[in-house]
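A.B. asks: Now for the letters of each chain:
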Amino acid sequence: MPKANVICRCEEIEIDEIREWIARGYDTFDELKRELRVGMGPCQGRGCRDIILREIAKATGQPVAEIAPGTMRPPVKPIKISLLAEDFREGEHR
Amino acid sequence: MTDFPKTADIVIIGGGGVGTATAYYLAKSGRKNVVLLEKNTVCSGSTGRCGAGIRAQWGLELNCRMALACLDTFEHLDEELGLPTGLNQGGYLLVAYKEKEWAQFQKNVELQHSLGIMSEAFTDVKRAQEICPGVAVDDAIGFTFYQRDGHADPFLTTFAFQEAAKRYGAKFCKFTEVIGLKAKDGGMTVETNRGSIDCKEVINCAGSWAQDVAAMAGVKLPNWAERHQILITEPVDPGVCPPMLMSFSGNYYIQQRPHGSIIAGESPSSDIRLGYTSNVNSIASIARTVLKLLPRAKNIRVVRQWAGHYDMTPDSAPILGETDVKHFWHATGFSGHGFMLAPVAGQIMTALLNGDKPPFDPTIMDYRRFERGERIVEPNVV
Ligand SMILES: Cc1cc2nc3c(=O)[nH]c(=O)nc-3n(C[C@H](O)[C@H](O)[C@H](O)COP(=O)(O)OP(=O)(O)OC[C@H]3O[C@@H](n4cnc5c(N)ncnc54)[C@H](O)[C@@H]3O)c2cc1C
Ligand code: FES
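Note that the protein sequences, when read in sequence, are chains A and B.
Residue numbering for the first sequence is 108 to 201, as defined by my numbering.
Residue numbering for the second sequence is 908 to 1289, as defined by my numbering.
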């Protein structure tokens, strides 16, 4: 079945799935991320975060600005394994 | 947010794999009024940061038996819980680079076979490459493999336990931090940032914070948190690393998720208790290892890195059972393998609290073993 209302393009998650899990009590960005992978795609949530935060705001009655946007993790831009490997410094702690 | 309960039968502290599995099995066994308290959100601790590998290839009989029971459980868990757990049985391919390690592996396999874990030991690199195409392990001297091993999705698994526990009546309170514990007649009082709860039993499932929670009741645990870092790539076509590729002496583990991303990690060089900050040298080191083992992964891009805690004990084995404080129980200290053992931990705790015979005798996992100078010695651990 083709997905109609895709909110998170990287992970192909629809608005209905997001609303369903919010209704089950998963009303933080981090919880939705863990269950549905929204925000975990190559764009790291640039494409979907705002819409999802608005959905959470609607469901919980909190202002959007007060909803925690979830953790942003390095590297911010995807880097090739071979390039990253060059950064290794022998003897420095890991 | 859920209404805050004033009383409970059983309070579980910590919403990781261990706490949610324990809540599920207790509620399923008919215990009413099971309440789980989580200071952040469910799966925000080690469980949500882990490699989520599951293996029956251990070197100690108890660990083999417990892990095998977990595999049996995981194989039916989707059905039982009514939600997917993302189980993927691509096997664990363990790589030995040292003679002593290889000798130990062969002993382990003998033990595993005697327990019905039909693992395979071999030295042929070609066989390794059948399991993991293109893997560069010419410098290795031996391998073991067990097809039923693999990994599951830690988030899906934990949430599946949570949802199923809720269906049996368990309550979950997030953003609820336990800040004090008081023993009282016939139970305990649990103080939180949202008020206190009077209950009959308390189970400490606080993972790498368990020692802090234990201290609130005057119980001293020798546990500590050890930072481990891990990276994940963009999703790529399957077949890059079908098994969990792992080596103790080589210090790595690499796997590809069903979703396509590759996860890789290593043990840290030094510095424990470093919190969640990530460091570039660690991630570069992991990338270098991946590049060496899987040269064709060179153009795959890393999208994230993160850190999590191993919930360590002095012998890297868990602590299960009641403490010197009556009604105060522990299921903690899983030392880097608590995801896979969570189902069995939940089953053991449920039997103990119900006064039933547990599926495994947890006596040797008593925390007082450290004072007595005893250790549980597992050879197949990082
Ligand atoms: C990088 C990495 C890789 C790993 N790989 C594997 C693997 O491949 N296989 C495997 O089996 N294991 C693995 N582990 C280990 C595994 O993650 C842990 O052993 C397991 O998740 C422990 O589960 P837990 O439920 O005990 O702890 P956690 O998941 O840490 O849960 C404890 C919870 O307690 C909460 N808490 C703490 N204090 C309080 C308080 N005062 N009040 C309320 N709540 C509180 C925390 O917020 C946390 O959510 C790995 C760990 C890391 C870090
Ligand atoms: S659109 Fe959701 S992660 Fe990219």
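Everything labelled a hint here was simulated from the structure, so no lab data went into it.
Since we're looking at a predicted model, the values are computed, not measured.
Just so you know, even glycine gets a beta-carbon here, dropped at the ideal spot from N, CA and C.
One should not assume that every hint holds.
[Stated by the list, open to error] Looking from chain A toward chain B, a few residues come up when the C-beta cut is under 8 Å (computed): (1) D137; (2) R153; (3) G154; (4) V171; (5) E173; (6) I188; (7) F195.
A.B. asks: Kindly indicate which numbered hints from before are broken by the structure, ordering the numbers from low to high.
C.D. replies: Hints 2, 3, 4, 5 contradicted; others consistent.
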